[in-house]
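*Asks:* For chain A, the structure is supplied; the task is to place chain B on it using the hints.
Chains A and B, in that order, are what the protein sequence lines are. The first sequence begins at 1 in UniProt numbering and counts up one residue at a time. The second sequence begins at 1 in UniProt numbering and counts up one residue at a time.
Hints listed in this document are in silico derivations from the structure and should not be mistaken for laboratory results. Fair warning: there could be bad hints in the mix.
Which copy is meant is left open, because identical chains are indistinguishable; a pair holds if it fits in one copy or across any two.
In silico DSS-like cross-links for lysine-lysine, where the CA-CA straight-line distance does not exceed 25 Å [said to hold, decoys possible]:
hint, residue 1, residue 2
1, 238, 166
2, 166, 95
3, 72, 47
4, 184, 42
5, 238, 197
6, 166, 72
7, 11, 158
8, 166, 93
9, 253, 11
10, 158, 93
11, 166, 197
12, 253, 72
13, 231, 70
14, 253, 93
15, 72, 231
All values reported here derive from a predicted model rather than from experimental measurement.
Number of protein chains: 2
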Amino acid sequence: MSFAVGYLGPKGTFTKKAVDTLFPNNQAMSYQTIPACIDAVKFGHVKYSVVPLENTLEGTVNLTIDYLIKEKTLKIVSEVVVPVRQHFMVHPKWKADWQSVQTIYSHPHALAQCHHFLSQTMRQATLEPYASTGAAAQYVRDHPELSIGAIANDLAAKEYQLDIVKADIHDLDNNQTRFVVLHKNDTALRVNQLPLKGFKTMIMVVLPTDHAGALHQVLSAFAWRRINLTKIESRPMKIGLGHYYFLIDLDQKMDDILIPNTIAEIEAIGCNVEVLGSYPYYLSADKS
Amino acid sequence: MSFAVGYLGPKGTFTKKAVDTLFPNNQAMSYQTIPACIDAVKFGHVKYSVVPLENTLEGTVNLTIDYLIKEKTLKIVSEVVVPVRQHFMVHPKWKADWQSVQTIYSHPHALAQCHHFLSQTMRQATLEPYASTGAAAQYVRDHPELSIGAIANDLAAKEYQLDIVKADIHDLDNNQTRFVVLHKNDTALRVNQLPLKGFKTMIMVVLPTDHAGALHQVLSAFAWRRINLTKIESRPMKIGLGHYYFLIDLDQKMDDILIPNTIAEIEAIGCNVEVLGSYPYYLSADKS
Numbered sequence: 001m002s003f004a005v006g007y008l009g010p011k012g013t014f015t016k017k018a019v020d021t022l023f024p025n026n027q028a029m030s031y032q033t034i035p036a037c038i039d040a041v042k043f044g045h046v047k048y049s050v051v052p053l054e055n056t057l058e059g060t061v062n063l064t065i066d067y068l069i070k071e072k073t074l075k076i077v078s079e080v081v082v083p084v085r086q087h088f089m090v091h092p093k094w095k096a097d098w099q100s101v102q103t104i105y106s107h108p109h110a111l112a113q114c115h116h117f118l119s120q121t122m123r124q125a126t127l128e129p130y131a132s133t134g135a136a137a138q139y140v141r142d143h144p145e146l147s148i149g150a151i152a153n154d155l156a157a158k159e160y161q162l163d164i165v166k167a168d169i170h171d172l173d174n175n176q177t178r179f180v181v182l183h184k185n186d187t188a189l190r191v192n193q194l195p196l197k198g199f200k201t202m203i204m205v206v207l208p209t210d211h212a213g214a215l216h217q218v219l220s221a222f223a224w225r226r227i228n229l230t231k232i233e234s235r236p237m238k239i240g241l242g243h244y245y246f247l248i249d250l251d252q253k254m255d256d257i258l259i260p261n262t263i264a265e266i267e268a269i270g271c272n273v274e275v276l277g278s279y280p281y282y283l284s285a286d287k288s
Numbered sequence: 001m002s003f004a005v006g007y008l009g010p011k012g013t014f015t016k017k018a019v020d021t022l023f024p025n026n027q028a029m030s031y032q033t034i035p036a037c038i039d040a041v042k043f044g045h046v047k048y049s050v051v052p053l054e055n056t057l058e059g060t061v062n063l064t065i066d067y068l069i070k071e072k073t074l075k076i077v078s079e080v081v082v083p084v085r086q087h088f089m090v091h092p093k094w095k096a097d098w099q100s101v102q103t104i105y106s107h108p109h110a111l112a113q114c115h116h117f118l119s120q121t122m123r124q125a126t127l128e129p130y131a132s133t134g135a136a137a138q139y140v141r142d143h144p145e146l147s148i149g150a151i152a153n154d155l156a157a158k159e160y161q162l163d164i165v166k167a168d169i170h171d172l173d174n175n176q177t178r179f180v181v182l183h184k185n186d187t188a189l190r191v192n193q194l195p196l197k198g199f200k201t202m203i204m205v206v207l208p209t210d211h212a213g214a215l216h217q218v219l220s221a222f223a224w225r226r227i228n229l230t231k232i233e234s235r236p237m238k239i240g241l242g243h244y245y246f247l248i249d250l251d252q253k254m255d256d257i258l259i260p261n262t263i264a265e266i267e268a269i270g271c272n273v274e275v276l277g278s279y280p281y282y283l284s285a286d287k288s
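Chain A with its partners taken away, still in its complex shape:
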C-alpha cells in the first residue's frame, strides 16, 4: 500500500502537527530519519513528505538542506510554519503528584527551551534526553509505574492519553518551526483550509571559484530587479574549506521574465544554479 504522506515520526511530534494541518484527511506514514522521509518520496512509497527546515532557536536543519541539495530531483511544493508550544504532561495516575516526578523525558531542544520552568518548578527532577518529544510521551504512557513526565505538544498528550498538568512552559513565546513539503515534480501544493501568506522561490547557487566578488554580483542581479531576498544561508560543499552552496529564498513566485533572466545572467558569470522550488507558504494557528 502506498501512503499519500510521509513524515519524520513518531506520532505526536511537531512534524505530525504540520502533517495534520496540511493533510487533514490523509493517512500518513512515519519514518525514523529525515533521509528516510526524503527517500520515501524519491522511490514513490509516498506522494509527499513533510520535513523540518528551520527553527527560530536552532536555526536551519542542516540534514534537510544537505539532502535537498543532494537529491536535486525533488521539489519543495509547499511550506507551513507551526508555533512551538511545549507542555508538561504525566500519566493520569500521577496527575495529583506531578510536581514530585523524579525524571522528565523530552527531546534535548525541548528540554533547553523550557529551562525556566525546569529550573524553577521542577528543580528536583532529573532530565533525560530522548529521541523526540513524541517518543518521550509514548515512553511515559508505557510506564505508568514510574514517577516520570514528558515535555511535548498537545497532539502527543492526546495521542498517548496523558494529562497536561502545566501548559505553555516554553521560555520564548514566538518559537516556530518551518516545515516544507517535498514532491517528485514542481506542482505547487495549495492548502485550502489555511490562509495563504504568500509565495517563495528557493534557489541554490554555487559561485565560481576564480571570481572574488561573485556573491555581491549575484545579489546585485536580484537587487536592481527589486526581487527581495528573505534568507541567505551557506552550506559546505564537502570538498574543502572555503567551498559553499548558497541557499537563497526569494520573496515571490517563479515568473516568466524576472527570475529566469536573473538566473540566466548569474549562470553566465559562471555560477551553477538550481531551483529547489517555488511554492505557497502558510501559517498554522495553534488552536489549543
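*Replies:* Frame of chain A, contents of chain B only:
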C-alpha cells in the same frame, strides 16, 4: 592554578592537536563542552581557549558561533586549520586479530567519515557512537578484555598506547577543521613555529528590519573597496523566524581607513556591527 590554554577535551581529540600545534610548550586544561571552554577564558581561568569553528564536511559549529555572538567581549586572536586524518586502532593485545573486532567506537562524525572502510573491511562489526574520538580511544585502552577498536587520530593512539592497525581510513582526503583561539582582548596571537598563511577579520552584522536590500548594500560597501569576503553565514537571532545575524569573514587584517569606514557606513544605514576579531591564520601540517 591558572592554565595558559583551555580546550574542548578529552586528550587525543583533534582540538588537542590544534592546541599542541599552537602552544607546543604550554600546559593545557581540557573542558567538557564548548560553552565551558569559552567561560574559562571569560572568567580568567585560562588565558586562551581553543574551540572548533568549521569542518569541511559538517560545516559551521553552531554552538561556537552562537556563543561567540553572545559573549561579544571575547576576541578571536588566531586561527589554525588542522587536517582530519582518521586511523583504526586497537589495544596491543588485539593487534593480530584486528579484522575480527566486534565493536568499533568513535564520534558519530568520524564513523560517518570512514563509511567506505567500515562497510568494506569491517562489515561484521557493530558501530558505537561515542562522545569524542579521544574518549573512544580511552575506552578501548581501558577495556583490553573486550574485542573492540576505535577510530581516532594519531595523537589518541600515542596518548592511550593503542596500535594503529589501519591508517588513513577516512573517505575524503581533504577533510579539515578550522580552530580559533579566543582571548579577553584583541591582541593577535602570532605563532612562530607555523608558516603564516594570511590575515582575516571576522565581523557580525545585524541588518535593519525595515530595509529590504540591506544585505546587498552591506556587500556593496565592501565590494567597491575591493575588500574580499571569504565567507558569509547566517545564524538565527532566536527572536523569531526571519531574523538573522550575519557572520562575514574579510580576507585582510583590520586597517585604519578601509574597514573602519565601511563599518561606519553600514552602521549609518541602520546595521549593528561587531568586530569578532582580526587575526593571523595558519595551516598545520600533519607530520604523521
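*Asks:* Does each hint hold? Answer for all of them.
*Replies:* Hint check results:
no., hint, in the structure
1, 238 <-> 166, "between (44 Å within a copy, 24 Å between copies)"
2, 166 <-> 95, "within (10 Å within a copy, 56 Å between copies)"
3, 72 <-> 47, "within (17 Å within a copy, 47 Å between copies)"
4, 184 <-> 42, "within (7 Å within a copy, 51 Å between copies)"
5, 238 <-> 197, "between (35 Å within a copy, 22 Å between copies)"
6, 166 <-> 72, "neither (43 Å within a copy, 36 Å between copies)"
7, 11 <-> 158, "within (10 Å within a copy, 47 Å between copies)"
8, 166 <-> 93, "within (16 Å within a copy, 55 Å between copies)"
9, 253 <-> 11, "neither (33 Å within a copy, 52 Å between copies)"
10, 158 <-> 93, "within (16 Å within a copy, 55 Å between copies)"
11, 166 <-> 197, "neither (32 Å within a copy, 56 Å between copies)"
12, 253 <-> 72, "within (19 Å within a copy, 39 Å between copies)"
13, 231 <-> 70, "both (20 Å within a copy, 22 Å between copies)"
14, 253 <-> 93, "neither (52 Å within a copy, 64 Å between copies)"
15, 72 <-> 231, "both (20 Å within a copy, 24 Å between copies)"
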